[in-house]
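Undergrad: So the chains spell out like this:
There are 4 protein chains.
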Amino acid sequence: MLRKIRSKPLDSELGFGKTGSTSNRLMNIDGSFNVERDYLNWWDNTYHRLVTMPWIQFFLLILASFVGMNTLFALLYCMLGVHNFNGIEPGPFVHNFMQAYFFSSQTLTTVGYGHISPASLSSNIFASFESFLGLLTFAMISGLLYGRFSRPTAKIVFSENLLVAPYKGGRAIMFRMVNAQKSELIETEVQMLLTINQRDDNDQLSRKFYALDIEISKISFFSMSWTIVHELNDRSPLFGFTQEDLVSGHAEWMVLVKGTDEVNQQMVHSRHSYLAEDVVWNARFLPVIDRSGNGRPRVKTRHIGIYERVEA
Amino acid sequence: MLRKIRSKPLDSELGFGKTGSTSNRLMNIDGSFNVERDYLNWWDNTYHRLVTMPWIQFFLLILASFVGMNTLFALLYCMLGVHNFNGIEPGPFVHNFMQAYFFSSQTLTTVGYGHISPASLSSNIFASFESFLGLLTFAMISGLLYGRFSRPTAKIVFSENLLVAPYKGGRAIMFRMVNAQKSELIETEVQMLLTINQRDDNDQLSRKFYALDIEISKISFFSMSWTIVHELNDRSPLFGFTQEDLVSGHAEWMVLVKGTDEVNQQMVHSRHSYLAEDVVWNARFLPVIDRSGNGRPRVKTRHIGIYERVEA
Amino acid sequence: MLRKIRSKPLDSELGFGKTGSTSNRLMNIDGSFNVERDYLNWWDNTYHRLVTMPWIQFFLLILASFVGMNTLFALLYCMLGVHNFNGIEPGPFVHNFMQAYFFSSQTLTTVGYGHISPASLSSNIFASFESFLGLLTFAMISGLLYGRFSRPTAKIVFSENLLVAPYKGGRAIMFRMVNAQKSELIETEVQMLLTINQRDDNDQLSRKFYALDIEISKISFFSMSWTIVHELNDRSPLFGFTQEDLVSGHAEWMVLVKGTDEVNQQMVHSRHSYLAEDVVWNARFLPVIDRSGNGRPRVKTRHIGIYERVEA
Amino acid sequence: MLRKIRSKPLDSELGFGKTGSTSNRLMNIDGSFNVERDYLNWWDNTYHRLVTMPWIQFFLLILASFVGMNTLFALLYCMLGVHNFNGIEPGPFVHNFMQAYFFSSQTLTTVGYGHISPASLSSNIFASFESFLGLLTFAMISGLLYGRFSRPTAKIVFSENLLVAPYKGGRAIMFRMVNAQKSELIETEVQMLLTINQRDDNDQLSRKFYALDIEISKISFFSMSWTIVHELNDRSPLFGFTQEDLVSGHAEWMVLVKGTDEVNQQMVHSRHSYLAEDVVWNARFLPVIDRSGNGRPRVKTRHIGIYERVEA
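Protein chains in written order, with numbering that gives the first Met the number 0: chain A, 0 to 311; chain B, 0 to 311; chain C, 0 to 311; chain D, 0 to 311.
The hints are simulated quantities; they were obtained by calculation from the structure and are not laboratory data.
Hints may be right or wrong, so weigh each one.
A pair holds if it fits inside one copy or across any two, identical chains being indistinguishable in the list.
To be verified - Using 25 Å as the maximum straight-line C-alpha spacing, the simulated SDA-like pairs for lysine to any residue come out as follows: (1) Lys299 <-> Glu12; (2) Lys217 <-> Leu13; (3) Lys299 <-> Met97; (4) Lys181 <-> Asp43; (5) Lys299 <-> Leu13; (6) Lys181 <-> Asn44; (7) Lys3 <-> Asn232; (8) Lys3 <-> Phe128; (9) Lys181 <-> Phe57; (10) Lys181 <-> Thr45; (11) Lys217 <-> Val262; (12) Lys217 <-> Glu310; (13) Lys181 <-> Asn33; (14) Lys154 <-> Thr51; (15) Lys207 <-> Asn23; (16) Lys299 <-> Val66; (17) Lys3 <-> Asp29; (18) Lys207 <-> Cys77; (19) Lys207 <-> Val228; (20) Lys154 <-> Pro89; (21) Lys167 <-> Phe92; (22) Lys3 <-> Val309; (23) Lys7 <-> Val66; (24) Lys167 <-> Glu35; (25) Lys154 <-> Asn232; (26) Lys7 <-> Met266; (27) Lys217 <-> Ser6; (28) Lys167 <-> Leu1.
Since the model is a prediction, treat every value here as computed from it, not as a measurement.
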């Protein structure tokens with residue numbers, strides 16, 4: 000049976016619209032929304048894909064394009080006939096193709112050693128076009144690389160768990176996070192939303208949204224670790240909830256962080272989502288800051304989620 | 000006869016100034032203003048044109064510039080005489096020009112095979128300048144390409160029609176929109192302005208502007224579809240209007256959307272305009288979201304404007 | 000004798016500090032401040048200079064750097080001796096230098112025809128370094144070109160004169176402006192500051208600052224022309240002033256415009272300054288908007304300052 | 000003994016958390032925080048490091064990468080055997096390596112003279128890959144250079160000392176600063192925080208934070224010098240403090256400046272920190288502005304910290 004929340008839920012101003020009861024999470028753990036959208040044209044999102052794909056994938060894609068363009072032009076040169084080129088001795092197809100491929104590569108990269116060179120009208124025209132394409136492609140890669148470098152991103156590491164710990168005589172639910180980038184985050188704000196299944200007045204099951212009060216929701220400098228605390232007092236929608244209540248309501252906490260990155264002075268956002276299964280009861284975080292040899296505080300990023308059990 | 004609106008119109012703070020009665024639309028359907036401005040110098044808008052023209056036009060322009068520069072230098076080399084070059088056998092003009100053109104191309108792209116090379120002072124000087132220009136041009140193209148890639152744009156798809164539908168016991172005018180880009184839009188706001196011809200106190204016909212109240216004018220996450228609803232109650236300037244009233248007043252709705260694009264963290268704007276002819280009476284939107292195989296919601300962007308007739 | 004203003008002047012929150020009486024203008028007509036600042040190191044402002052200098056100067060600077068680097072390396076190759084190169088026949092210095100210069104140019108641009116090539120250890124090392132430098136330089140030029148292209152700028156054209164015209168039964172001081180760029184400006188705001196010499200309580204002459212009320216100080220779309228109007232009523236610091244009062248007080252109006260440029264979605268600023276000598280009494284602006292053939296309004300940017308005399 | 004402050008300290012909204020008594024400064028003199036953070040992966044901060052390292056270090060790193068890649072490929076070519084190349088006469092290892100190194104350099108920079116060229120399958124494949132890598136590397140350097148150029152930075156020069164000077168019948172603590180960049184800063188704000196050791200209610204020593212009131216904390220144009228003044232009246236936490244009180248409490252002043260840079264229209268931040276040892280009692284700043292020949296005010300940036308002693 001679902002436990003009833005008396006606080007007023009948020010209206011549809013979040014943008015999730017009216018959603019029936021669901022056991023699907025609304026937000027993935029990386030902060031993306033668990034929604035699919037059809038796109039009008041697949042190429043509309045080309046730039047988005049190229050700047051957000053992993054680096055290894057990006058480099059492989061570039062390499063593949065380079066080899067692909069090389070090969071296409073090599074085939075074209077073979078079709079024209081290798082006798083159109085100085086420096087290629089005609090021979091079997093594989094030999095001709097390899098020579099054409101190397102000429103093609105020297106043209107595409109504009110290295111142009113010249114021991115092979117175009118000798119006829121057609122070969123000259125295609126070689127001219129290939130070197131033009133080569134430059135254009137690398138100009139495009141320049142732009143994409145800068146787009147990837149300069150994309151404003153926050154790299155915030157969140158504790159894996161929400162802890163329910165004794166707090167100021169009562170209890171609080173909390174998580175901890177740290178900025179894992181060298182670039183400072185300033186004027187950082189955090190919001191914590193709860194979504195949980197509830198019954199409507201007409202007994203219809205649907206997902207409701209609640210903004211949770213948090214103790215310190217904005218700090219000037221996010222250079223240390225930051226523990227976000229929501230007190231489970233009688234003003235909290237979760238007052239009196241048990242782990243079973245959370246699980247049966249498919250509770251999900253959405254965490255929204257925004258701040259200003261100091262290197263490029265742009266606003267950055269980070270999101271995270273916790274499910275009912277991520278809550279640990281009667282536990283508290285262990286210290287994540289120690290002093291290095293010279294007395295400077297040091298934040299041990301990898302320990303951000305470490306906690307110990309406490310008595311209930 | 001024009002129907003009279005009792006609500007106070009907006010003052011000239013929109014920036015359209017005092018405009019007499021007109022049947023011209025103020026905003027084009029793509030959100031640009033239906034205004035011409037003289038420019039002091041045509042080159043003042045070069046960058047604007049180069050980053051906003053369609054991709055196909057952009058590439059053709061680059062190709063044309065490349066061929067144009069190539070040809071110019073080839074003609075120059077012909078004027079100097081092909082005897083100034085190693086590797087060109089002098090011959091009829093067309094032959095000489097083609098050879099000069101290929102040399103020019105190899106120089107402009109810096110491929111420089113070397114089977115043709117400048118052999119005199121003059122040819123060396125021009126070739127040196129051409130290769131310099133070539134690099135400069137491709138540096139410029141790099142910059143333009145990045146400018147095009149990174150230009151903050153929203154790609155919001157609007158329903159083709161405004162619908163007048165039964166709503167909460169009364170009626171409302173509404174449209175629907177969806178973000179057709181993979182990049183999330185957050186903290187998105189929408190405004191809806193009405194412009195319609197009205198008679199002044201001294202019976203002069205002129206265009207008046209009204210801001211229309213909308214139910215949910217700001218959402219945190221625009222990851223689903225969004226229906227913008229203006230209730231036609233007695234606080235609405237359009238209360239009691241018929242289709243004939245709208246048409247005779249040359250009614251136009253201007254829709255202004257702004258939000259933050261998550262990939263480059265910049266504010267983006269989108270505008271749209273509906274005319275009286277775009278209003279469909281007694282209709283409501285069909286659902287645009289279904290569930291994909293794994294239970295995730297899926298937004299069918301192409302169906303954003305689909306509606307069904309309802310009884311009046 | 001100075002006319003006394005009764006309104007409270009602005010405090011030092013403008014940043015001009017306490018300045019004695021002066022006949023110097025505070026702001027130049029292009030909106031820059033009429034102040035000199037020493038810099039710690041001249042190179043601190045290199046990027047600023049390179050992206051703000053006129054295009055013609057920028058291109059000449061690049062050309063000069065290219066010729067300069069070319070020449071330096073050519074001299075170096077001459078010092079090594081041209082016998083270190085294949086393809087150069089040793090001869091008199093000028094001949095050697097020219098050959099070395101052409102080799103240098105082919106290396107710097109990486110065109111590398113190869114009819115001249117380095118043949119010794121030293122020549123190879125320097126040629127390798129030169130081609131590295133060449134690529135680095137053009138990478139830098141790419142960055143600078145993009146910096147120039149994408150620099151957020153407003154190109155607002157202001158009327159040359161402030162007009163004092165009859166207005167709503169009284170009088171107003173006004174100027175007119177238009178956005179001369181194709182890119183739309185949205186949410187544009189304007190401020191108008193007056194600075195004028197006044198006597199302190201202890202009869203000391205000093206410059207005071209006043210913010211002038213303007214009728215419409217913010218518009219949503221700056222796609223037409225915009226007339227900024229300050230009414231000369233009894234709440235105006237300038238109430239009852241004559242041209243002689245303005246001149247003897249060395250009155251200066253500073254105009255500050257800010258808005259969002261739609262192409263790159265960045266805030267842009269523009270400033271302008273009018274002196275007492277720029278005020279025309281009893282004049283009003285002639286219309287600057289007409290209708291083009293198809294009925295669209297057209298803004299005649301060049302006519303922004305055109306006015307006619309009216310009776311006092 | 001610590002002097003007690005009666006004003007309410009700031010809560011933990013600054014982000015430094017609860018820190019015990021410490022003699023370590025919280026902020027370094029360059030405005031960075033005196034904190035270490037572990038990073039999950041060293042490469043996460045690559046871009047940050049590459050755009051923030053000094054220029055000389057950046058260029059040396061690029062040069063080293065270039066020589067390193069050159070050398071790696073040269074070794075590879077030696078392993079293949081120099082008989083795989085036209086134009087290299089096989090000889091002792093050092094000779095072969097040098098020839099291979101020069102070929103490698105000509106390939107990486109795409110200069111490709113062609114007096115050495117790949118003659119076998121394997122040498123062709125590696126040369127093709129090397130020229131591809133070369134272009135990719137220079138595309139990346141283009142992006143990094145632009146990232147460095149365009150990084151929004153403020154270059155504000157602060158006086159070395161805080162002065163305690165007679166002020167409006169009482170006393171004030173003050174410092175002075177100037178914008179040392181040609182680019183104007185507009186809408187500039189400054190905040191001044193004090194951190195000092197205090198005893199808790201339970202006699203525990205800990206660091207407390209106070210926001211200090213300053214006379215003019217925001218100016219429209221930061222084109223002159225700016226003196227930031229905190230009056231030591233009875234509303235100041237520092238009222239009645241002596242130099243000994245400051246030193247024994249390990250007082251530190253953190254100065255936070257933010258403004259909008261006019262060239263790239265971005266918000267920039269600058270921070271500075273003063274220790275108790277930096278305070279000079281009974282001193283006042285000497286003028287830093289004089290008039291240049293033509294009557295224009297001139298700010299002598301290097302004199303920003305110059306002061307004279309005054310009687311107590």
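Undergrad: For each hint, tell me whether it holds in the structure or not.
TA: Cross-check of the supplied hints:
1. Taking the shortest alpha-carbon separations for Lys299 and Glu12, only the inter-copy value of 21 Å comes in at or below 25 Å, while the best intra-copy value is 38 Å.
2. In this assembly of identical chains, the alpha carbons of Lys217 and Leu13 lie at most 25 Å apart whether taken from the same copy (20 Å) or from different copies (8 Å).
3. In this homomeric assembly, Lys299 and Met97 never come within 25 Å of each other (Cα to Cα): the closest approach is 54 Å inside a single copy and 48 Å across copies.
4. In this assembly of identical chains, the alpha carbons of Lys181 and Asp43 lie at most 25 Å apart only when taken from different copies (9 Å versus 33 Å within one copy).
5. Taking CA atoms no more than 25 Å apart as the test, Lys299 paired with Leu13 passes between copies only; the shortest distance there is 20 Å, against 35 Å inside one copy.
6. Taking the shortest Cα distances, Lys181 and Asn44 sit within 25 Å of each other only across copies (6 Å), while inside one copy they are farther apart (30 Å).
7. For the homomeric pair Lys3 and Asn232, the shortest alpha-carbon distance inside one copy (16 Å) is at most 25 Å, but the shortest distance between copies (35 Å) is not.
8. Taking the shortest Cα distances, Lys3 and Phe128 never come within 25 Å of each other, neither inside one copy (70 Å) nor across copies (65 Å).
9. Taking CA atoms no more than 25 Å apart as the test, Lys181 paired with Phe57 passes in both settings, with 24 Å inside one copy and 18 Å between copies.
10. For a Cα distance limit of 25 Å, the shortest separation of Lys181 from Thr45 across copies, 10 Å, qualifies, whereas the shortest one inside one copy, 30 Å, does not.
11. With identical chains, the CA atoms of Lys217 and Val262 are at most 25 Å apart both within one copy (20 Å) and between copies (23 Å).
12. Taking the closest pair of Cα atoms, Lys217 and Glu310 never come within 25 Å of each other, the shortest separation being 31 Å inside a single copy and 45 Å across copies.
13. Within a single copy, Lys181 and Asn33 get their C-alpha atoms only as close as 30 Å, which misses the 25 Å cut-off; across copies the closest is 13 Å, which meets it.
14. For the identical chains of this complex, Lys154 and Thr51 are neighbours both inside a copy (14 Å) and across copies (18 Å), given an alpha-carbon limit of 25 Å.
15. In this homomeric assembly, Lys207 and Asn23 come within 25 Å of each other (Cα to Cα) only inside a single copy, at 14 Å, whereas the closest approach across copies is 46 Å.
16. In this assembly of identical chains, Lys299 and Val66 lie within 25 Å of each other by CA distance neither inside one copy nor across copies; the values are 44 Å within and 37 Å between.
17. Taking CA atoms no more than 25 Å apart as the test, Lys3 paired with Asp29 passes in neither setting, with 30 Å inside one copy and 47 Å between copies.
18. Neither within a single protomer nor between protomers do Lys207 and Cys77 lie at most 25 Å apart by alpha-carbon distance, with minima of 66 Å and 69 Å respectively.
19. Taking CA atoms no more than 25 Å apart as the test, Lys207 paired with Val228 passes in both settings, with 21 Å inside one copy and 22 Å between copies.
20. With identical chains, the CA atoms of Lys154 and Pro89 are never at most 25 Å apart, being 57 Å at best within one copy and 53 Å at best between copies.
21. Neither within a single protomer nor between protomers do Lys167 and Phe92 lie at most 25 Å apart by alpha-carbon distance, with minima of 82 Å and 76 Å respectively.
22. Taking the shortest Cα distances, Lys3 and Val309 never come within 25 Å of each other, neither inside one copy (28 Å) nor across copies (37 Å).
23. Taking the closest pair of Cα atoms, Lys7 and Val66 never come within 25 Å of each other, the shortest separation being 60 Å inside a single copy and 66 Å across copies.
24. Taking identical chains as interchangeable, the C-alpha atoms of Lys167 and Glu35 are never at most 25 Å apart, the minima being 43 Å within one chain and 30 Å between chains.
25. Taking the shortest Cα distances, Lys154 and Asn232 never come within 25 Å of each other, neither inside one copy (32 Å) nor across copies (44 Å).
26. For the homomeric pair Lys7 and Met266, neither the shortest alpha-carbon distance inside one copy (31 Å) nor that between copies (31 Å) is at most 25 Å.
27. For a Cα distance limit of 25 Å, the shortest separation of Lys217 from Ser6 qualifies both inside one copy, at 24 Å, and across copies, at 22 Å.
28. Taking CA atoms no more than 25 Å apart as the test, Lys167 paired with Leu1 passes in neither setting, with 28 Å inside one copy and 29 Å between copies.
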